[in-house]
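Q: What follows is each chain in one-letter form.
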Amino acid sequence: MSIGIITFPGTNCERDVAYAFEALGADTEQVWHRETSLDGIDGVVLPGGFAHGDYLRTGAIARFSPVMAAVEKLAAEGRPVLGICNGFQVLCEAGLLPGGLIANRDLRFICRPVHVRVQSPDSILTRAARPGQVLTIPLNSYEGNYITGGDAVRVMLRYTDAAGTLSDAANPNGSEGAIAAVANTAGNVAGLMPHPERAIEDFMGSTDGRILLESFVASLEAVPA
Amino acid sequence: MRALVTITRRPEIADPEGATIQRALVDLGYGDVDGVRVNRTIEVSLPGRDQEYVLSAVRAMCEKMLANPVMENYEIEILG
Amino acid sequence: MRALVTITRRPEIADPEGATIQRALVDLGYGDVDGVRVNRTIEVSLPGRDQEYVLSAVRAMCEKMLANPVMENYEIEILG
Amino acid sequence: MTDVVHRELGMTDEEFISVQEILGRRPQDSELAMYSVMWSEHCSYKSSRAHLGTLPTDAPWVVVGPGENAGVVDLGDGWLAALRIESHNHPSFVEPYQGAATGVGGILRDVFTMGARPVGLWNQIRFGELSDPHNRYLFNGVVSGIAGYGNAVGVPTLGGETEFDPVYAGNPLVNVMCLGILQREQLVLGTAGTPGTIAVLLGASTGRDGIGGASVLASAGFDETAGEKRPSVQVGDPFEEKKLIEACLDLYERDLVVGVQDLGAAGLTCAASEPAARAGVGMELNLDAVHVREDDMTAPELLMSESQERMMAFVSPDKVDEVLAVAATWEIDASVVGTVRDGDRLRVHHNGEQIVDVPAASLTDDAPVLHRPIERPAWLDDLRKRRDPPDRTPLDTALLALLDDPGIGDRSWVYEQFDHMLFLNTVRPPGIDGSLIRIQGTDKGLAVSTDGNGRMCQLDPRRGAERIVYESALNVAVAGARPLAVVDNLNFGNPEKPDVMWQFTETIAGLGAACDALGVPIVGGNVSFYNETDGRDIYPTPVVGMLGLAEPIPAFIGDVGTDMTIFLAGPAQQRSLAGTAYQKTIFGTLGGRPTPIDPDTGGRSIELAIRLAHVMPTAVLHDVSQGGALVALVELLIRHDVGAVLERTSTIDAFGEDPHRFLCLVPSAEAARVTQLAAEVGCDIRRIGQTGGADLELSDPTIDPMSIGRLRTVWGGAIRRRMEGTIHE
Ligand SMILES: Nc1ncnc2c1ncn2[C@@H]1O[C@H](COP(=O)(O)OP(=O)(O)O)[C@@H](O)[C@H]1O
Ligand SMILES: [Mg+2]
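Protein chains in written order, with my numbering: chain B, 1 to 225; chain F, 226 to 305; chain Z, 306 to 385; chain E, 386 to 1114.
Since the hints were made in silico from the structure, they are not lab data.
Since the structure is predicted, the reported quantities are computational estimates derived from the model, not experimental observations.
Take these hints with a grain of salt, some might be off.
As the list claims (entries may be wrong) - Derived SDA-like pairs: lysine to any residue, alpha-carbon spacing no greater than 25 Å straight-line:
#1 F:Lys289 / Z:Asp339
#2 E:Lys704 / E:Ser720
#3 B:Lys73 / Z:Asp332
#4 F:Lys289 / B:Asp106
#5 Z:Lys369 / B:Asp106
#6 Z:Lys369 / F:Gly243
#7 B:Lys73 / F:Gly254
#8 F:Lys289 / Z:Lys369
#9 Z:Lys369 / E:Arg521
#10 Z:Lys369 / E:Gly555
#11 Z:Lys369 / F:Gly254
#12 Z:Lys369 / E:Arg989
#13 F:Lys289 / F:Ala244
#14 E:Lys882 / E:Gly438
#15 E:Lys431 / E:Val389
#16 F:Lys289 / Z:Arg328
#17 Z:Lys369 / F:Leu253
#18 B:Lys73 / Z:Gly334
#19 F:Lys289 / Z:Asp332
#20 Z:Lys369 / E:Arg1105
Unchecked claim - One-sided excerpt, in silico: chain F residues whose CB lies under 8 Å from chain B:
#21 Pro241
#22 Thr245
#23 Met290
The beta carbon of each residue, even a glycine, is placed where N, CA and C say it ideally should be.
Isolated chain B, as found in the complex (with noise of 0.2 Å):
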């Protein structure tokens, strides 16, 4: 089982995230934008970073590059595909995923770590956590304010406080919804603005990422033939 950790020009997340995999025993291959084709690969994940400088739109060009229809083929075939930072801002602006994501309530860049609730364990993304669960990860994002722009969203982690309550002083960058993280009514796409790659180690201050890493890692398995 091999997992494809597509880069970018731009992107900076990608050794970071295949580490994380690595830690967890999951095998990890780079794939470069320019590729085509995504053979032996089982499911792929866009990392976070700075594709084509976000230029234009946050993934509005990286959606272009010629490794998305490979992606997005993996997709249709129910592969599970996860999109993290700006990885879930390409899979909006490819159509993936529902909505966008623009510039932070108060426009400025946010590094810190939050809390988020599972909404739904119905995702590649959430399937080994508990709803209601609160998991403390790691934002860091200027646009990372969800918009829905009227689509119907299935909603996989809300910003909370610790303890599980929706508000505004717990949304960090005013996203619609308080949305974290969202799905396709597939639920082997999904995308989430935190990056669950930073909280996996106990120096790290929280290893709750596992559970999100660990769910792409069990669905990897789990596809339908």
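Got chain B sorted already, so can you dock chains F, Z and E with the ligands onto it with the hints?
A: Structure of chains F, Z and E with the ligands alone, referenced to chain B:
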């Protein structure tokens, strides 16, 4: 020939930049500013092409990449 | 009354965003795009004010805050 | 060419005459342009060079000392660290966002030219008071610029320093430091190699940005003409830089380059002449081959452009194709622009004509060395004699005022705008003292602290400089690291004034003495003069960046809970409030003379901190700096949300800023062990209180307990509250 694309955020979508500028203008003493929207323009130059071509090419660019229909509308103006 | 401020980056100032979009358009098949510049517009609404007031207020806003005189020029248009 | 032209380029008549002597003829336009930038203060260090030579730069672990793009030290087991610090003061005043952003871009290039992957950035920023909207605009713009560039380029920003003082209102300081790591085999130097080597220009295309930035912006003060200097603004492109980093590291890994030089101040001119001078060779440069952003650029413009995100690689002819292929893979432009030649001449061709023919080394080595007049300032004695007013301020009032000072309060408004977690190595994030990162796959950790203190240095530049070195050393020590190397950034006023030169030479003496005493070499630095506005100079503001090595990485399981004993290590009694935050916040004055450091005491404090960090994982350590011991303790209590009962203390002991002190909190059951370790090291240590409850109690019947929650609100708002509503860019 050059085309000017104006990309506006759909009115129902939040505009944090506009909201922040409005607050700052009020702080600066312009208490009667009751709305600010920030939009982007993209000027595309396609030399040696006629108007019809430019219009249709730039429209296609907008549909595909320059604008995001989830949150934006666009308008194209030919600058000549 | 609303005013539309068009803020353009002075031509000698680099526009890496425009350059990146240009490359992306070329990759997308528009090989004849030979230049892209990205600029901003800001729409300011000042209800119940007359044209003269709006023009002078918005000019002052541009000088103080909206435009960055080191890198940008601006133009004001009254939208009515 | 008339004599007026060289003056317009910022060159003196004497300098013009020496150019004529070197060439044996009148220089052509391009030649004059090249000498004018290369001999500018910014590039040639002409006012400082004669003094910098006295700094201690040697140690067995120094691999590359000052003179290259970055200093390099040996970390053992084949690992090296590259570090450098730079200022971008004037560009940041003219355009805060882009000035700070391009400062970050520039310091990164200095580090990855050495073959290192940049792993961390630190910034040291100083502004006028936040009560003034323009200072808020500058501060916001600089922080956004550092964030905008640093985050997008994909290098974590791990810490820094933020200070406010009216003296920086007309001339903010923006310094940035970068640390990179590499394996020994990957070390690359800025050399042009042997004759026949090909020069390949990589990265962004060359435009008209920043023409003469080094000579115009960085080598003169600000006055009413500042606005006219604006065409020199450069725009940073972190995306291009990110690609350039990856492409260069790929080139190094494939062993495809002989040498590399970044293009910073003086652009192509510097990137051609410095490597040629270092290698003792000549070079031929063809400007027609340079990839440009605008078609009609003149030769002097091409030679002086400071367009960002460019690198010059020196490549043996048989490897050129491979280098171009690597560049294409990473989607950056590359052009073959020159060839290394026998002899010593730098010859430049443009439109088929030879327009420059000068000895390459003359641009660097023959730059003037000035021995500017030095005189102890006449005003200094008065300043030092100034006595503090009689003071009845209750401790709690003073404490609250200090916590609310933006120079002391919570800095998370700043560092939470910076990605400080990328690469998954951040063991101690920004927030307190030095930050610590691990080197993956080893048990080594690198701690960095950067420190300056303009107020102390204004009162006594020598003692002030010594103090910041010890302050920095203790900051890395509390993170468990042993001080290893220093880079310094010397921000000063106008060197044409003898009292500024006195401040400068005193600072150098202090830095040198302190580093000598600690046994820590200075492996690189930067000098920024002309930090003045309308004739008013800033405080002398040296900044040091201290790198420490922690091996192994301490466990740091310590959390502050109840029933912990609070120890203060280092000298118990304070002798002066001169230059302290207390003096500034409570009296609104600056005066007196800071106490000198004591190398023995300082050394023992550092030693004890390192030992405690390694042998007592339950201990929580925190260096005492601005605001003194009471503020330092309250920072810990706020962080860990616990109260404390303190022994009775005096204003001077509570708020004095002796640089050799740190706090150590341990579970009371282990307190005896701390005292015993301190005795072994010979370091004074005193119990000053006990944690517990939800309040801070000062054991003074006239002072009510203060809730930690209230202290947190005040401290937490010091910057945040003042910056709310400030807009981006
Ligand atoms: N401009 C800045 N950028 C990033 N981090 C900063 C900046 N200013 C301060 N910090 C961080 O905030 C923390 C507190 O700063 P300071 O009070 O100067 O240090 P100390 O805890 O040593 O007294 C430190 O960890 C420092 O690295
Ligand atoms: Mg400290």
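Q: State for each hint whether it applies.
A: Here is how each hint holds up against the structure:
no. : hint                 : verdict
1   : F:Lys289 / Z:Asp339  : holds (19 Å)
2   : E:Lys704 / E:Ser720  : holds (14 Å)
3   : B:Lys73 / Z:Asp332   : holds (21 Å)
4   : F:Lys289 / B:Asp106  : violated (29 Å)
5   : Z:Lys369 / B:Asp106  : holds (21 Å)
6   : Z:Lys369 / F:Gly243  : holds (16 Å)
7   : B:Lys73 / F:Gly254   : violated (55 Å)
8   : F:Lys289 / Z:Lys369  : violated (37 Å)
9   : Z:Lys369 / E:Arg521  : holds (14 Å)
10  : Z:Lys369 / E:Gly555  : holds (18 Å)
11  : Z:Lys369 / F:Gly254  : holds (12 Å)
12  : Z:Lys369 / E:Arg989  : violated (54 Å)
13  : F:Lys289 / F:Ala244  : violated (28 Å)
14  : E:Lys882 / E:Gly438  : holds (21 Å)
15  : E:Lys431 / E:Val389  : holds (22 Å)
16  : F:Lys289 / Z:Arg328  : holds (15 Å)
17  : Z:Lys369 / F:Leu253  : holds (9 Å)
18  : B:Lys73 / Z:Gly334   : holds (22 Å)
19  : F:Lys289 / Z:Asp332  : holds (13 Å)
20  : Z:Lys369 / E:Arg1105 : holds (23 Å)
21  : Pro241               : holds (5 Å)
22  : Thr245               : holds (5 Å)
23  : Met290               : holds (6 Å)
The structure fails hints 4, 7, 8, 12 and 13 (numbered hints given earlier, in ascending order).
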